[in-house]
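**Student:** Next come the chains, spelled out residue by residue.
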Amino acid sequence: MGVTAVTDTAKFNASALDELIAKRQEPAWLVDLRRAAFETFCEKAMPSRKEEEWMRTDIRTFHLDKFDLPAELTEIPADLPSGLLTEGVDLGGRLVSYNSRTVSSELSEELKAQGVIFGSFSEVLASHPEIVRKHFAHAVDPHFDKFSAMHAAFFTTGQVLYVPRGVVVKKPLHALSLLGAGGVDLGHTLVILDEGAEATMLNETASIDESAPGLHCGAIELFVHPRARLRYINLQNWGHGVWHFAHQKGIVERDAHIQWTIGALGSKLSKVNQHVALAGVGAESEVNGVMFTEGRQHLSYHTLQHHEAPNCRSNFLYKTALQDRSRTVWRGMIKVDKDAQKTDGYQRNDNLLLTEHCRADSIPGLEIEADDVRCTHGATIGRVDEEQIFYAQCRGFTRKEAIRAIVIGFFQQVFDRIPVESVREALGKAIAVRVRDYE
Amino acid sequence: MGLIETSMTDVLKIENLHVAVEGKPILTGVNLTIRRGETHALMGPNGSGKSTLGYAIMGHPNYEVTDGAIWLNDENVLEMAANERARAGLFMAFQRPMSIPGVKLADFLRHATTNVRNPERKEGEELIPMREFRQEMKSKMQQLQMDLDFARRYVNDGFSGGEMKRAEILQLAMLQPKFAILDETDSGLDADAVRLASQSIAEIGGAEMGLLIITHHDKLLEHNPPDFAHVMLGGRIVETGGVDLAKELHSSGYDRIRKAYPDAAAIEQVMNEEETQVAS
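Chains as they are written, first to last, in the working numbering: chain A, 5 to 443; chain B, 6 to 285.
Bound conformation, chain A alone (with noise of 0.2 Å):
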């Protein structure tokens, strides 16, 4: 096993990442941070079916050793796509990175004129190193597993956004990472809420080519401090070759509030686990999922919601429609530690199978140590009913028309739920393009 765990991992490696510390210049916290987590990395042997957390995700065929590490970008491709998300949105702030290099950096003069802070992972932790060090991997545990390890060991960009205390930020900020063919992108979001700010970011994640290998190897912490409100978009719209790896973190305090949407298109094969702490009494959490699979996709998500405090809220809705061969596999918890009584929990999942092939595995959970409180869930699988494609037909919708009405209509409860006008727009476009005619 030992040795197979050697070759698969051949160019992550200790004079790789010893090249890349050497290079970077960072911080002797970040540096132990890196070689802590690199001996995790080799200890832990690839995931596999015998474990509970991937019984149901086979990554046999993924083989690490068919990728690079990220390299100094040489060139920059001319006309990189500009994302979905953005389309008639006044932007306070943008960044874009290219195969986990950041490629530009923009933040207007009026938000650093409020202390706002926006950049790539290295700029901020050259010009503030003392936020970065107060957060990170605070959220997301580098030992959880072999790629949260190798994430942390291995990590070359990201994109840092804080809002200082009070502030509230209007425009939103969006930041695009891009993967060329054979790419690997292993980014790290991290966002700082300070106590009683605002903000919306728009985060988004595609490939240059739709079918060619690519690797992403990411993690995401969200810090919302008291009172303040994070709006937090994510889009993931890789193509169909890249792997996505990812391990996704809030951490809300005492009054806080996220929002946060996760759009899911892209990727060959995904494992994330999404997870929210309300660890402050009365944060609140409302996360929307929209999810759209096609081909031989594989789309895995854990979530949790974890009552750490009393009198929180939280509220969850993924919706899933799926085409083709396509799986996706949603396990969701919602976690009540014994002193968060009056908690309010909600987790609901909802599955369009469109044909025959395709499969949802629905698996929600409760675990509840509190003894006053309210959590309810529940899941669906449906399929589209021939007698309402009949009865759209009847009144002049062409059967993929009609279909599509009945797709884009499963999802609009959770659109409905979605504030940013171009984020709704974009996901039901993307969906509609998407939809295939079956007979």
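It should be emphasised that the hints constitute simulated quantities derived from the structure, not laboratory data.
Please note: incorrect hints may appear among the correct ones.
[Unchecked claim] Label-pair ranges, simulated between beta-carbon atoms: (1) 29(A) to 129(B): 48 to 58 Å; (2) 128(B) to 131(A): 48 to 58 Å; (3) 372(A) to 130(B): 19 to 29 Å; (4) 278(B) to 56(A): 51 to 61 Å; (5) 387(A) to 128(B): 19 to 29 Å; (6) 369(A) to 72(B): 18 to 28 Å; (7) 93(A) to 168(B): 54 to 64 Å.
Since we're looking at a predicted model, the values are computed, not measured.
All C-beta atoms in this analysis are idealised placements derived from N, C-alpha and C, irrespective of residue type, glycine included.
Fit chain B to the given chain A structure using the hints.
**Tutor:** Okay, now just chain B, sitting in the frame of chain A:
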């Protein structure tokens, strides 16, 4: 006097139509000709094949035409997909319309109206301008005494029986088909609601359409007096008459018909027995 009349009238012609569902014959030779502007009542006991005729005319994939033909003027209806039939001017008000959660009735109807009015429209081409459509829908809704909020609700989602029927009539009013089949548009409604429905159909121009009204009641015919009444038994039309026949059937039932057409009554009995066997 010099006007061209009958030669321009649209005609829906059903010839010797045989239809099977899952291999089981339901219609066994229906002949029916409807001219635009005429109202036809189609009556008959449960299971005689009335709704099947409606579904077959609209092209439901589970209703297999095993013999016969349907013509709309000189166009072969059987060669058209359901949406092409709608665009050619055929409409059916469903007995139990389907709900489409998340799709607002107004949006659904805007798309439907666009497609039906522009039969050549390709997928993705522009819809009727929103403002123009809304105005038209608003006036139709006022005419039908419908609350405008109704159009913001999702298609048939959580509608009461009466609301579904009114939504069907609204669609009929907007789409203005050449021929409309009203499949028990009166079922599940109270007497006042049936009267309102009957009146509405007349007001939205039912007289300019060819109407095929499938009904158990005579109330729906109050404002839309039939030019012809047909009785279906054992999968075919056995007798055709005028409004008096409709009244007779409504008051006296089908015993006389069964006696007069023993062969059709025998088929009815076989079908009912098979139905019972399937059910048990």
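**Student:** Does each hint hold? Answer for all of them.
**Tutor:** Here is what the structure says about each hint:
1. 29(A) to 129(B): 48 to 58 Å: 53 Å, holds
2. 128(B) to 131(A): 48 to 58 Å: About 51 Å separates the Cβ atoms of residue 128(B) and residue 131(A), which means 48 to 58 Å holds.
3. 372(A) to 130(B): 19 to 29 Å: Violated, at about 53 Å.
4. 278(B) to 56(A): 51 to 61 Å: 56 Å, holds
5. 387(A) to 128(B): 19 to 29 Å: Distance hint for residue 387(A), residue 128(B) holds at roughly 23 Å.
6. 369(A) to 72(B): 18 to 28 Å: Violated: the Cβ-Cβ distance is about 57 Å, outside 18 to 28 Å.
7. 93(A) to 168(B): 54 to 64 Å: Once the Cβ atoms are compared, 39 Å apart, the range 54 to 64 Å for residue 168(B) and residue 93(A) is violated.
In this structure, the earlier hints numbered 3, 6 and 7 are contradicted, and the remaining ones agree with it.
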